[in-house]
Amino acid sequence: MTHVLIVEDDATTAEEIEAALFDHGFEVTCVDNGRDGLLQAFGGGFDIIVLDRMLPGAVDGLGVLTALRAASITTPVLILSALGALDERVKGLRAGGDDYLTKPFEFVELTARLDALVRRRTAPVTQERESRLKLGNLEVDLLDRTVRRGDRTIDLVPREYALLEHLMRNPGQVVTRTMLFEAVWNYSYDERTNVIEVHIGRLRRKVDGEGEEQMIHTVRGAGYVLRAPE
Amino acid sequence: MFSVHLSEIPRTTSFRTGLKFLGLFGFSFLALFGYIYWQTAVYLKSETDASLHRQIDNRRLQPPLLRKQEVIRHELQDAEGRWPQGLFSAQGEHIAGVIQTMPPYLEYEKADEFRWEKPGGYTRTIRFMAHRFDDGEILIASQDVHDIREFDELLVHALVSGGGLLLVVGLLGSIAMGYSARRRLDTLSSSIKGIIEGDLSGRLPTRGNLDDIDRLANVVNSMLDELERLMSEVKGVCDDIAHDLRTPLTRLIAGLERAQRRELREDDYAQTLESAITEARGLLQTFRALLRISEIEDSARRSNFARVDLNLIGADAAEFFEPLAEERGMTLTFEPSPSPAVMSGDAQMLFDAACNLLDNAIKFSPDNSRIQITVLVLPEGPGLRVTDNGPGIPEAEREAVFRRLYRSESSRHTTGNGLGLSMVAAVARLHDMSLKVHDASPGCRVDLMGKTVSA
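First to last, the protein sequences are chains A and B.
Residue numbers for the first sequence follow this note's numbering, so the first one is 43 and each next one is one higher.
Residue numbers for the second sequence follow this note's numbering, so the first one is 576 and each next one is one higher.
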């Protein structure tokens, strides 16, 4: 089971996150200050850390992160912050954070991102798998950027290809619209989730042809999942 | 009105500056005058001494008998006693001349002064020189220096009275300057006090002559303009937030209460929950957008500016919205500028701004309309232009649409939180760009244009 460490000083927020992650199937440990957070993280055994940017006491979020990375502890860290400004985000990621989420956020967003981080950590790191992604009968050739489903070649415009590639790299996982926007468009913030929906709709029409089983599924209120046909 | 206490004047800067200048001027006045005085005195003295030498030289060339006659004749000619002479024997007895007694002297051929008792009973200061002839007789040659003295005195007198006048005029001038400065500052500070007490529409008075205080007042006034705008905006935003959020909150609560009141089946509950969550999400999104705008307005973010090509931003935005436009049968065209439209800015924010403009254009235009996003490079700098052939924005509303949470009457039925254009306006302000809505007849043209030439 995935074990998550939550470092968050606000008791209510911590409780809510704990409940949401527990429901999602994570094992959760909570601490409410940077010092305890560091001690726990040094103790090890966590797959991922959710770290609040602002913490009371001598060690704040960035302090914890810097100390962890200085001690060569590579547990993925997702930073939670009320500071949404782009430079704050850059600061957080530069200090060694793996992802950054601005409060207020939706829990599906948090869990989806945690899933992605955990997956990235547990996925076997091999070089050769990089040339080809395969899920069910859907195949993406990363070298000549062609997509095939069974015998059918699918023509995609570059953006659709990028969307599909991102979904293929996270098979079976919920990918939120914001995550897609960040990964595919390289801009960090957007409220226009309906536009992403339209892009996905186009992609879906091409990937899930008539008479074929659906592979791109919509998760209501959250995002999308790419699943192999049963 | 304002009474200025005399005791306050010495504390004013103008008065002190006045005093400083008075001091400086007085010092140079003294130095100049003293120098002239000194030079004049030296000149007059040496002239006198030269004439004494000439008198002695004249007498020395004469034989003793002639000398005596000449001294007597000189006495007769010089009735006023301006150049009195006296001839004495080697023993100091008076031989001839108007000077009866030998004055005390230390050296021959050296000028000295003594008070001479003139026949007639009054004394004059004379400058004299003693000379001893070869035969032992002694000549006292002299010159009345009374006039020179008087001239000297006159000079000193002029110095003193001139200096006094200077001092008085200078002091009065300083006081007048201090007084007027003090009055002006009092006017300014009373206006400022008025503003502090809450009258934000108050402005500092200016004289229109663009002097230093005027310039300062102008700067402060433009600061007050901005403050007033911000204050009224904040107030407007508070009102609008309260007003705008009341509706979804009421809906949310009403839905929940209805669910509580009635006995519902399970899927009805699910439905209620679903709509409550949607409602709450909408609220969250409004808040997020509000936070985003205030974040943009924090102009410290300018430190993150980098070189951005608006052609890339425009292309990204157009590409992003193209499917949405296509879905509604619209044509969305992107027209890049022929030359690179490079400016210093935040790509993320400019992209957001372009997206908001396109979003609006698509949202408010009827199906099958044409929308164009154009990148322009003008002398003032690069800019973005979004044109649609939709209903346009009425002239009266073209300023108001940039206000936070403003929804025009015609847009009440569309989705949105009335923050899109405010966000674009915030981005424009941060980038020192101008944002204007024009009539594209038919339709609407929004220009986001650079104001300054980018480096």
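Hints in this document: simulated from the structure, not taken from any laboratory.
It is possible that some hints are incorrect.
Restricting the straight-line Cα-Cα distance to at most 20 Å, the calculated cross-link-like pairs of lysine to aspartate or glutamate (EDC-like) are [claimed, not checked]:
| hint | chain 1 | residue 1 | chain 2 | residue 2 |
| --- | --- | --- | --- | --- |
| 1 | B | Lys685 | B | Glu622 |
| 2 | A | Lys248 | B | Glu894 |
| 3 | A | Lys145 | B | Glu668 |
| 4 | A | Lys133 | A | Asp102 |
| 5 | B | Lys938 | A | Glu239 |
| 6 | A | Lys145 | B | Glu872 |
| 7 | B | Lys620 | B | Glu772 |
| 8 | A | Lys145 | B | Asp719 |
Please read these numbers as outputs of a predicted model, since none were measured by experiment.
We went through each hint and held it up to the structure:
1. Distance check on the hinted pair: B:Lys685 and B:Glu622 sit about 14 Å apart at the alpha-carbon level, within 20 Å; holds.
2. Among the hinted pairs, A:Lys248 with B:Glu894 is consistent with the structure: their alpha-carbon atoms are about 18 Å apart, no more than 20 Å.
3. Between the alpha carbons of A:Lys145 and B:Glu668 the distance comes to roughly 123 Å, so the proposed pair goes past 20 Å and is violated.
4. For the suggested pair A:Lys133 and A:Asp102, the alpha carbons sit about 13 Å apart, so the restraint of at most 20 Å is met.
5. Between B:Lys938 and A:Glu239 the alpha-carbon distance is near 16 Å, which keeps this suggested pair within the 20 Å criterion.
6. Between A:Lys145 and B:Glu872, the direct Cα distance comes to roughly 19 Å. Compliance with the 20 Å bound is thereby established for this hinted pair.
7. Note on B:Lys620 and B:Glu772: the hinted pairing is violated, with a Cα-Cα distance of about 74 Å set against a maximum of 20 Å.
8. Proposed proximity of A:Lys145 and B:Asp719 is contradicted: the alpha carbons are some 105 Å apart, above 20 Å.
Of the numbered hints stated above, those contradicted by the structure are hints 3, 7, 8, listed in ascending order.
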